[in-house]
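Trainee: For reference, the chains in residue letters:
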Amino acid sequence: MMAGLKPSERIKIKRHPMPNQDEHVRRGNFDEVALGYAPETAREEAERCLQCKDPKCVQGCPVGVLIPQFIKALREGDMVQAVKWMKIKNNLPAICGRVCPQESQCEGNCILGKKGEPVSIGRLERYVGDFELAHRTCPLVKAPKTGKRIAVVGSGPAGLTCAVDLGREGHDVTIFESLHGAGGVLIYGIPEFRLPKGVVHNEVNYAVECLGIKIKTDHVIGRSYTLDELLAEYDAVFLGTGAGLPSFMHIPGINLNGVMSANEFLTRVNLMKAYQFPDYDTPVKLGKKVAVIGAGNVAMDAVRCSLRLQALAAQKNGGEQGEVHIVYRRSKDEVPARREEVEHAGEEGVIFDFLTNPIEILGDEKRHVRALRCVRMELGEPDASGRRKPVERQGSEFDMEIDTVIMALGTNPNPIVFVDADGLERTKHGTAVADHETGRTKKKRVWAGGDVVTGAATVISAMGAGKRAAADIHTLMKGESTWD
Amino acid sequence: MKKEVLTDVTKLMDIDAPHVARNARAGQFVIVRIDEYGERIPLTIADYDRASGTITIIFQELGKSTKQLGQLTPGETLSSFAGPLGHPTEIRNYGTVVCMGGGVGIAPIYPVTRALKEAGNTVISIIGARTKNLLFWEERMMSVSDRLIVCTDDGSHGRAGLVTEPLKELLEDKGNSVAKVWAIGPASMMKFVTLTTKPYAVPTIVSLNTIMIDGTGMCGGCRVLLEEGAKFVCVDGPEFDGHKVDWDSLLSRLSFYKDEEREAVEYYEHKCRIDGATKKGRK
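Protein chains in written order, with this note's numbering: chain A, 6 to 489; chain B, 14 to 296.
A portion of the hints provided could be inaccurate.
As a list, the in silico DSS-like pairs of lysine-lysine whose alpha-carbon atoms are at most 25 Å apart [stated by the list, open to error]:
{"id": "1", "chain 1": "A", "residue 1": "K337", "chain 2": "A", "residue 2": "K290"}
{"id": "2", "chain 1": "A", "residue 1": "K119", "chain 2": "A", "residue 2": "K337"}
{"id": "3", "chain 1": "B", "residue 1": "K145", "chain 2": "B", "residue 2": "K16"}
{"id": "4", "chain 1": "A", "residue 1": "K371", "chain 2": "B", "residue 2": "K80"}
{"id": "5", "chain 1": "A", "residue 1": "K61", "chain 2": "A", "residue 2": "K19"}
{"id": "6", "chain 1": "B", "residue 1": "K284", "chain 2": "A", "residue 2": "K294"}
{"id": "7", "chain 1": "B", "residue 1": "K16", "chain 2": "A", "residue 2": "K290"}
{"id": "8", "chain 1": "A", "residue 1": "K371", "chain 2": "B", "residue 2": "K16"}
{"id": "9", "chain 1": "B", "residue 1": "K284", "chain 2": "B", "residue 2": "K204"}
{"id": "10", "chain 1": "A", "residue 1": "K89", "chain 2": "A", "residue 2": "K58"}
{"id": "11", "chain 1": "B", "residue 1": "K257", "chain 2": "A", "residue 2": "K321"}
{"id": "12", "chain 1": "B", "residue 1": "K145", "chain 2": "A", "residue 2": "K321"}
{"id": "13", "chain 1": "A", "residue 1": "K290", "chain 2": "B", "residue 2": "K271"}
{"id": "14", "chain 1": "B", "residue 1": "K145", "chain 2": "A", "residue 2": "K278"}
{"id": "15", "chain 1": "A", "residue 1": "K371", "chain 2": "B", "residue 2": "K204"}
{"id": "16", "chain 1": "A", "residue 1": "K290", "chain 2": "B", "residue 2": "K244"}
Calculated from the structure, these hints are not laboratory results.
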C-alpha cells in the first residue's frame with residue numbers, strides 16, 4: 006500500500022490497461038476477452054483516485070455507486086469493506102463492471118480525465134465483484150419479513166435489481182421469467198466472451214439464495230398469467246420485460262434465407278449455445294461473408310460472434326476464415342457502441358463500412374442472400390438526435406457480395422405482457438408509460454422500468470430504474486406513501 | 014406424464030403443466046425443451062385439461078428432438094415447458110365450417126374442431142395422411158364433427174387421394190355454403206388447401222409452424238410474409254389468413270436448416286449407439 010501519496014504523485018501514475026486475451030487467439034474461441042486486473046494492478050490503479058470531496062463520478066452513475074469509498078477500501082487492502090461499500094448501491098457489480106459504458110458515465114466524469122486518463126472505475130468494480138463471487142464475504146441480509154408479496158416480471162437487469170432491493174427490505178418476492186433461465190439480455194443477448202454466463206448465474210444465484218427470492222421460469226406473463234391475475238395474488242407488480250421485439254429494415258429481401266435479426270442470431274449463439282452444436286441441439290447457419298447492419302453494442306456483439314463462429318468452422322472443416330462487416334449509415338464518430346467493444350472488434354479483424362446504407366437484399370434462385378445493395382451517405386445538418394443526419398450521395402449505388410445479413414437496428418418492447426392488462430397505458434412506440442422517478446405506471450399497483458419504458462438502452466440504466474421503482478414500492482408497502 | 018403410441022412415428026403425451034393448462038385454448042402452442050442441451054421446439058396444443066393441469070402434445074418423430082422426446086418415459090421431466098403461446102383460434106358460430114387435418118396436423122385441428130362444434134357450427138371434417146398407419150384420432154374427430162371424410166394418399170384407408178379433392182367437392186356443392194375453412198398440416202398441404210378455396214373466396218385459416226427459437230416475439234426467425242408485410246408467427250399467429258401467405262417464401266425458409274437437422278439426427282443416433290454399447294459392456 007502506498008499510503009499518503011500526494012495528489013501530484015497520484016496523477017503521475019499511469020492508467021493500467023486491462024490484460025486481454027491475445028486478439029489472434031481470442032477470435033477463435035468464446036472465452037472472455039478481458040482477463041481482469043491482478044490484485045497488485047488493482048491496488049495500483051486504485052491509488053490514482055484523488056478522493057474528490059464532491060465526486061463527479063458518482064453523479065455519472067445511474068445507481069450512484071459509492072465510488073471513492075470502495076476505491077479507498079480497495080487500496081487499503083480491505084476487500085471486505087470494499088465489497089460492503091459496493092453492495093450498498095450495486096447488487097451486481099461483477100456484471101456492471103463488465104458491461105457498463107463507463108466512458109460516458111463514471112469515468113466520463115472523472116476529474117483525472119480532464120487532462121489525462123480517468124481512473125479505471127469499471128475495471129476496479131469488476132475486480133471487487135469477482136472477488137466477492139469467489140469469497141462471498143458479504144451475503145445480502147434480508148430485513149424482517151414484511152408479509153408483502155411482490156411479483157417481478159422479467160429477470161433481466163431491471164427486474165433482478167428491483168427484486169433484490171425489495172428482497173433486502175424483507176418482502177416476499179417472486180420473479181416470473183418467460184425463458185428457461187434467469188438473466189434476460191444478460192444471458193440471451195450479451196456473448197460469453199464479454200460477459201461469461203457463469204458470472205451471471207453466480208451473481209444471480211448468490212443474491213437470490215441470500216434473500217429467498219423465487220424464480221419461476223417458463224412463465225409468460227400475458228399468456229400463462231395475465232397482469233390482472235398477478236394483481237389478484239400480489240400486493241405489487243414490477244414490469245421489467247425489456248425490449249425484446251426486433252426491428253427489421255423495410256427493404257426488399259428481408260425474408261430471404263440468410264437474413265436474421267441480431268436477436269435471433271445472438272439467442273442461438275448465447276442462450277442456446279449454438280457455437281457448441283451438435284453437442285447442443287440448436288444450430289446457427291452463417292456464411293463466409295457476413296454483414297451486420299447497425300453499430301450499437303448489439304451489432305458489435307453480433308459481428309464478433311460471427312467472426313468467432315467462422316474461425317471455429319474453419320478449424321473444424323478447414324477452408325478460409327471468411328469476412329465480417331459492420332455496415333453503418335453514419336460515420337465513425339456517431340457509433341453508439343461502448344468504445345472498448347469497437348476497439349476489440351477492430352483488433353479482431355472486423356471491417357467497418359461507414360456511411361453506407363443498405364437499400365435492398367438480393368437473393369439467388371434458391372431464395373438465399375447473395376448481395377447487399379447499398380448507397381453511400383454523407384453527413385448533413387444535425388437531426389433530432391443531435392447527430393448529423395446522413396444523406397444519400399446521388400448515383401453511389403453499389404452491391405456488396407454478402408451471404409448473411411444480420412440486422413441490429415434496435416428492438417421494441419414485447420407486446421405480450423400488455424395482453425389483457427387494462428389500464429396499462431402505452432406510448433405510440435409501444436413502451437409502457439411510467440414515471441421516471443418512481444416507475445409508477447397508469448395502472449394501480451403496477452410499476453415498470455428499464456427498456457420496456459425507455460426502449461432499448463443500457464444494462465445499468467435498467468438497473469437504475471429497477472432500483473428507483475423498488476424504493477417507491479417499498480415506501481408504499483410500508484404505508485409511507487399512497488398511490489394517489 | 015402419460016404416453017401413448019398413436020402410429021409408428023406419432024406419439025402422444027399428457028404433460029403435467031398447470032401453469033400452461035390454466036389459460037390454454039384451442040389454436041395455441043407450447044415451447045418444449047428436453048434437457049440442458051436441448052433446443053426449444055414449438056408444438057401445437059392437441060388438448061388440455063384445466064382440472065388435472067395437463068396439456069396433450071402429439072408429435073412425429075422426425076428430428077433429433079422429437080426422436081429424443083419419444084424416448085422419454087412417464088415420470089421423467091422436461092427441462093422447459095412454456096406457454097400457452099400465440100393467439101387462440103377465434104371461435105364463433107360461422108354456420109358451416111370445414112376442419113382439415115393432415116398427418117400430425119390432425120392433433121391440433123381436434124381442439125379447434127371441438128370448440129367450433131360447441132359454438133354451434135355445422136362441422137365437416139377432412140383428415141388425411143400418406144397411408145393408413147399414419148392416421149389417428151379418427152373416432153375422436155368423428156365425435157366432434159357432423160360429418161368426417163378420411164383420405165389416404167395410397168388408398169389404404171378411406172378415400173384414395175389428397176384432402177383437397179373432397180374439399181373441392183364440398184365447395185362446388187352450393188348446398189353446403191361453407192363459411193370458413195381451417196387447415197392444419199404440412200406447409201405444402203396448407204398451401205394447396207388455400208389454393209383450392211381461393212377461387213371460391215372462402216376464408217381459410219392456416220396454423221403455421223415455422224422455425225422458432227424463443228416463441229415469445231424475440232427472435233423473429235418465425236417471420237412470414239403476408240400481403241401486408243412480415244409478421245411473426247409466434248406473437249401475431251400462429252393462425253393466419255391462408256390466402257395472404259407467401260407460401261414459396263415460407264417453404265424455402267422452412268428448409269434453411271435441413272442440413273443441420275440431418276447432422277443433429279446422425280450425431281444423436283451415433284451417440285445412442287455408443288451409449289447402448291457402453292451400457293451392454295457394463296453388464
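Trainee: Compare the structure with each hint and give your call.
Mentor: Okay, the hints, checked on the actual structure:
no. : hint            : verdict
1   : K337/A / K290/A : 29 Å, violated
2   : K119/A / K337/A : 23 Å, holds
3   : K145/B / K16/B  : 21 Å, holds
4   : K371/A / K80/B  : 29 Å, violated
5   : K61/A / K19/A   : 20 Å, holds
6   : K284/B / K294/A : 33 Å, violated
7   : K16/B / K290/A  : 34 Å, violated
8   : K371/A / K16/B  : 40 Å, violated
9   : K284/B / K204/B : 37 Å, violated
10  : K89/A / K58/A   : 20 Å, holds
11  : K257/B / K321/A : 43 Å, violated
12  : K145/B / K321/A : 44 Å, violated
13  : K290/A / K271/B : 11 Å, holds
14  : K145/B / K278/A : 40 Å, violated
15  : K371/A / K204/B : 19 Å, holds
16  : K290/A / K244/B : 22 Å, holds
In the structure shown, a violation is registered for the earlier hints numbered 1, 4, 6, 7, 8, 9, 11, 12 and 14, in ascending order.
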